[in-house]
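Visitor: Below are the chains, spelled out letter by letter.
Protein chains: 2
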Amino acid sequence: MDSGCSGNAIAAATERIRLIGSHLEEGGVADHPRLETAACAKAMRKVEFETDRLAEFIRGKHREVQEKVYEYFLSRPELQTPVEISMNEHRDLCMRQLLGLVRDAGIRPFRYVLEDPEKYFAILEAVGSVDMSLGIKTGVQFSLWGGSVINLGTKKHRDKYFDGIDSLEYPGCFAMTELHHGSNVQGLQTTATFDLVNDEFVINTPNDGAIKWWIGNAAVHGKFATVFARLLLPTHDIKGHSDMGVHAFIVPIRDMKTHQTLPGVEINDCGHKVGLNGVDNGALRFRSVRISRENLLNRFGDVSREGKYTSPLPTINKRFAATLGELVGGRVGLAYSSVGVLKIAVTIATRYSLLRQQFGPPKQPEVSILDYQSQQHKLMPMLASTYAFHFATVHLVQKYSEMKVSHDDELVGDVHALSAGLKAYVTSYTAKSISICRESCGGHGYAAVNRFGSLRNDHDIFQTFEGDNTVLLQQVAGDLLKQYKEKFQGGTLAVTWSYLKESMNSYLSQPNPVTARWEGEEHLRDPKFQLDAFRYRTSRLLQSVAVRLRKHSQNLGAFGAWNRCLNHLLTLAESHIESVILAKFIEAVQRCPDKNAQAALKVVCDLYALDRIWNDIGTYRNVDYVAPNKAKAIHKLTDYLSFQVRNIAGELVDAFDLPDHVTRAPIAMQSEAYSQYTQYVGF
Amino acid sequence: MDSGCSGNAIAAATERIRLIGSHLEEGGVADHPRLETAACAKAMRKVEFETDRLAEFIRGKHREVQEKVYEYFLSRPELQTPVEISMNEHRDLCMRQLLGLVRDAGIRPFRYVLEDPEKYFAILEAVGSVDMSLGIKTGVQFSLWGGSVINLGTKKHRDKYFDGIDSLEYPGCFAMTELHHGSNVQGLQTTATFDLVNDEFVINTPNDGAIKWWIGNAAVHGKFATVFARLLLPTHDIKGHSDMGVHAFIVPIRDMKTHQTLPGVEINDCGHKVGLNGVDNGALRFRSVRISRENLLNRFGDVSREGKYTSPLPTINKRFAATLGELVGGRVGLAYSSVGVLKIAVTIATRYSLLRQQFGPPKQPEVSILDYQSQQHKLMPMLASTYAFHFATVHLVQKYSEMKVSHDDELVGDVHALSAGLKAYVTSYTAKSISICRESCGGHGYAAVNRFGSLRNDHDIFQTFEGDNTVLLQQVAGDLLKQYKEKFQGGTLAVTWSYLKESMNSYLSQPNPVTARWEGEEHLRDPKFQLDAFRYRTSRLLQSVAVRLRKHSQNLGAFGAWNRCLNHLLTLAESHIESVILAKFIEAVQRCPDKNAQAALKVVCDLYALDRIWNDIGTYRNVDYVAPNKAKAIHKLTDYLSFQVRNIAGELVDAFDLPDHVTRAPIAMQSEAYSQYTQYVGF
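Residue numbers (my numbering), protein chains in the order written: chain A, 1 to 683; chain B, 1001 to 1683.
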């Protein structure tokens, strides 16, 4: 538990630097050494800007309600989650936090789910930064349970349930996932059989694999659950029923007064999770549980008193898509909140890396660890990505809000694909980054109070729930292939990929051998070069995978061909999302009203773009889109831009505008961090 | 907490696959689809081998003592760590586990630290799989505290302390790290001033930054600490003392009878960590604590009654290097144990991926998720790396044991560099892989009982302690540069990098344009091609960084030049370690006595080699070592080998020979995994 041998490394390294200095340098200039970092900081132009101007530009318009959340919890120390807390206490505390928010602070998120999604997501982000469990419990209550009632039900359901959900009198669950089926929702096995005699549905769990699993709010607090089950209608044939596909039903699971589990409902506790232990996930088994016919959430399909099925939509697949399509808000919220988590992690790691000093040139003071190229390499592209994701997810939230008002078909398609892609890409990136932040802060990053452990553990499942990332990326790839096909049939393209239409032909022609060698800084920092490079890659991947799919389908069938090309498809989807993120970042830079802040953002945006290109340089080289000299120039400029961003790193994280009571880690306090840390430990 | 929208993705994907099937396939063969995986499994030759034969080959020779550990803890349910446990209870339990091991099971690791390090590391791995906290607490007591007394002290210390350390009557600490200094051990500020009048050393913490931090065993259990401090000897000049550099001293910190903290010693609790909460880390401040002159661990430097300093070594730097060099065993143990952790994680993820079924071709049963190319891509190169690391770390442990007997200088250098490199490389890889395993197991991977959370949290700090990985890799790079210099001066090369001598010139000549285009499977699977490619990369990186260092030193000085090339140096170090790992894997394949098992290992080894080459294809392309057609062939063969390894994945993890009571995760049980999981939850 002590860095036993670490010093040996550096003793050796120091000795070796000396050896290199004396033997390899034939010029023998070791007698007037200059510290690179100090020398560079002076020699190179540092981008100067006012943090406030940048903060103003990136701050969300619902900052006020977020401040209200922060201040409420700051004023209620008894509602703050301690570093050590048992699962049961944590669940209890999390419920009290939610009740405090709604009933004491008077912040009622439910109305905003429909009326003002931007405000709703701002609240979610803020409560998530108090305790990520609280963020998820809030989401379970209002987006999932509440959202399913509002979006899948009709007026009668809204009239009956809205107030109880809003006030938390009706805590509820969203019971979709089963033990054997997560991603494959169409494979769910729970049944809801219509009983014509009693005008009721009978909910049943036919086997262990169909037990509803991981259901948030179920283990302790829920009174109701929206249960997804196959609707079975009685028929007169030999089978006895007709399977109408997956529908959603409101099922009471606990007595409103006694809170006892209702007859026929069996609830077990899913127990400890890697994180989010403030959320009580349970497993539900139904044994012939009877509910009123009125409890079918009947917006997309209804059953009459006579057992007749009616729907505004013609097929099971379309009804299923419409049902799940209403739940896309969950993904939007996760993508947005994930950026919030990334901001906190990057802020802590950057501030500590500026504070922490270790080693230095002979007989000179030690240098900040952020002065090491390796630390810049770990953290500066991450800081740039955080800015990039910020603008992309703000864009997504805006589009989602527009969609909720206009219901425009094109916008619906766009938001669906964009939310899938950004949710998958951003949450995977954040998950990896939190680990890098921990590691880059060394031993002190391992102290629980410095947050990386809980951030990582709580955030981890963002990659899985609301759609497994690997599955979501396939949806993006599928959409791209559809667009590709339509292009060649002259159809219209959704907004997000209109670049394909505009430039697919030029992207798919042979790379220009002249521009492939251009290596000037001005060219490499030209947004046109950067976007072209991203889009070239996407177009190329798209065209080649379409060809491969066609080829393999002949022998393997559609499923086999898709699987044979799966890694290719996932790369395509990621490449496309990166194109969209870069485009949004470039727009944001152009939009920034303060010239100095704009100059700073431009450096950050260039780092984002060139680091991504460098990370996939093999692909560019393989098709000679980039010649060797250009590849080298990109690499060099990326290092240089990392260094430039390092010089404004403190200001850049300050501009996220996260108060110390949000970041909380003692090693990241804006003043006296070390002494706040020693005080915490008891000195 | 429910995969709300996931189904939408697949509905869309399914729809799209249909679209692709009907529109892109001009041949229209969708009416006789074949499942790729099933078709492949039949069409492609599956490597057949007996698991036991392979297990026999890879099983360590100290399996017996490991079984004894497993069985002891299996027979003592009260000593098993529950999923939820408070920090204080965990610390208490961990001490009881250690006492049980030593006093009840009669396994006394201390003697093996010197006598039989291979056996010692086998015990460490086994106790670590019971609870990683126990593994670390064992290491703190016997390798760090015990090891420092034996290796840095002399006979008088051994006589006085051996039995107490061995029997746990003298629980102790290793107090090196300070709040402000971890990696930079030479920057430690704690002082030990010799008091000539009283024949004592006076230990002092001069400022808050010098508080000993993260000291294992200090918060609760330790009675002694080996304290690293600057030795100050009185002089008659104006300064009043002479700084002799960092030395180690035995300092009693708690009363042997009352366990009260001794006067002048202030101990605070470092509190909760991200993981390893069974280990009680504390922070120590010394206020003029007096210890006998005999408490200086005086193997490499001594102080006489008259205050005269004597040492067998001529300089402070040499003494410092010798002192820390004795502690290299810690790194060997971490590299070895990290592979043990990786085996557990890979076994759980692979078994679950074989069990779990999700989606499938229309109207056919769902397929195992390990049949998806994306899942193979995540897990199969990881499984191959686990085998590769197994052979490399077994080799390291053997070399370390030889070194402890022979003290051969060349072997010492070799073990130092190899332990630094493997510790850094393997622990970083394992840390990333545990996260990938969690994510690849979806929601059920997030259940605490399925282990990924605690494995990741406990293992995380392996990247930092016993030498921060980024610092250790620099040591490796420094060693390589030294070897490079010596080569050009005709000197000898250490064993591990003798390949540089043999082939540096050929590697540094221009790549052969003919072989750069060879793409046949036989060629790509030829160990000579693979090793050449790895070594070419290392040689190239080495030569180019040497040139860059020389160039930059002229303007930036040695420190600045090193920093300017830091990412390059880290890549060089990783590349070298990969070469060593591959070489050891190839040797192991050749050594395997069972022909069928050998054939299986060969597939695994080829996947390891080609996956690594593909991951850095940009470098190979940039210098035209690999032509575009060959790059494509490597990529294709890597996918194919992943599929081949998938077909024997169950057997390969079985051959790790980890009983169910070691893997423990219900989703990875060798029979009835789902029902063991539902039973765990209460059904």
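Don't read these hints as lab results, they were simulated from the structure.
Careful: at least some of the hints might be erroneous.
Unchecked claim - Straight-line C-alpha distance at most 30 Å; calculated DSSO-like pairs for lysine-lysine:
1. A:K485 to B:K1119
2. B:K1602 to B:K1432
3. B:K1068 to A:K632
4. B:K1636 to B:K1432
5. A:K584 to A:K528
6. B:K1119 to B:K1602
7. B:K1485 to A:K363
8. B:K1636 to A:K432
9. B:K1363 to B:K1404
10. A:K363 to B:K1551
11. A:K528 to A:K485
12. A:K485 to A:K318
13. B:K1636 to A:K551
14. B:K1363 to A:K308
15. B:K1632 to A:K46
16. A:K239 to B:K1363
17. B:K1308 to A:K432
18. A:K584 to A:K636
19. A:K636 to B:K1551
20. A:K363 to B:K1068
Visitor: Hint by hint, note whether the structure agrees.
Guide: Each hint, compared with the structure:
1. Of the pairs offered as hints, the one joining A:K485 and B:K1119 is violated, with about 63 Å between alpha carbons and a cut-off of 30 Å exceeded.
2. This hinted pair checks out: B:K1602 and B:K1432 have alpha carbons roughly 25 Å apart, not beyond 30 Å.
3. Between the alpha carbons of B:K1068 and A:K632 the distance comes to roughly 56 Å, so the proposed pair goes past 30 Å and is violated.
4. Taking the CA atoms of B:K1636 and B:K1432, the gap is about 25 Å. The hint holds against a cut of 30 Å.
5. Note on A:K584 and A:K528: the hinted pairing holds, with a Cα-Cα distance of about 13 Å set against a maximum of 30 Å.
6. Distance restraint check for B:K1119 and B:K1602: the Cα-Cα separation of roughly 29 Å lies within the 30 Å cut-off, and the hinted pair is therefore satisfied.
7. Distance check on the hinted pair: B:K1485 and A:K363 sit about 26 Å apart at the alpha-carbon level, within 30 Å; holds.
8. A threshold of 30 Å between alpha carbons decides the hint, and for B:K1636 with A:K432 the separation of about 27 Å falls inside it, so the pair holds.
9. Using a Cα cut-off of 30 Å, the hinted pair B:K1363 and B:K1404 is violated, with the two alpha carbons roughly 64 Å apart.
10. With a C-alpha separation of about 23 Å, the suggested pairing of A:K363 with B:K1551 holds against the 30 Å cut-off.
11. About 26 Å separates the Cα atoms of A:K528 and A:K485, which keeps this hinted pair within 30 Å; it holds.
12. Under the criterion of a C-alpha separation no larger than 30 Å, the hint pairing A:K485 with A:K318 is consistent with the structure, at around 21 Å.
13. For the hint linking B:K1636 to A:K551, the alpha-carbon distance of about 15 Å falls within 30 Å, and the restraint holds.
14. Simply put, B:K1363 and A:K308 have alpha-carbon atoms about 27 Å apart, close enough for the 30 Å limit, and the pair holds.
15. Restraint check for B:K1632 and A:K46: the C-alpha separation of about 43 Å exceeds 30 Å, so the hint is violated.
16. With a C-alpha separation of about 19 Å, the suggested pairing of A:K239 with B:K1363 holds against the 30 Å cut-off.
17. As the CA atoms of B:K1308 and A:K432 are separated by approximately 54 Å, the hinted pair breaks the 30 Å bound.
18. Between the alpha carbons of A:K584 and A:K636 the distance comes to roughly 25 Å, so the proposed pair stays at or under 30 Å and holds.
19. Distance check on the hinted pair: A:K636 and B:K1551 sit about 15 Å apart at the alpha-carbon level, within 30 Å; holds.
20. About 54 Å separates the Cα atoms of A:K363 and B:K1068, which puts this hinted pair outside 30 Å; it is violated.
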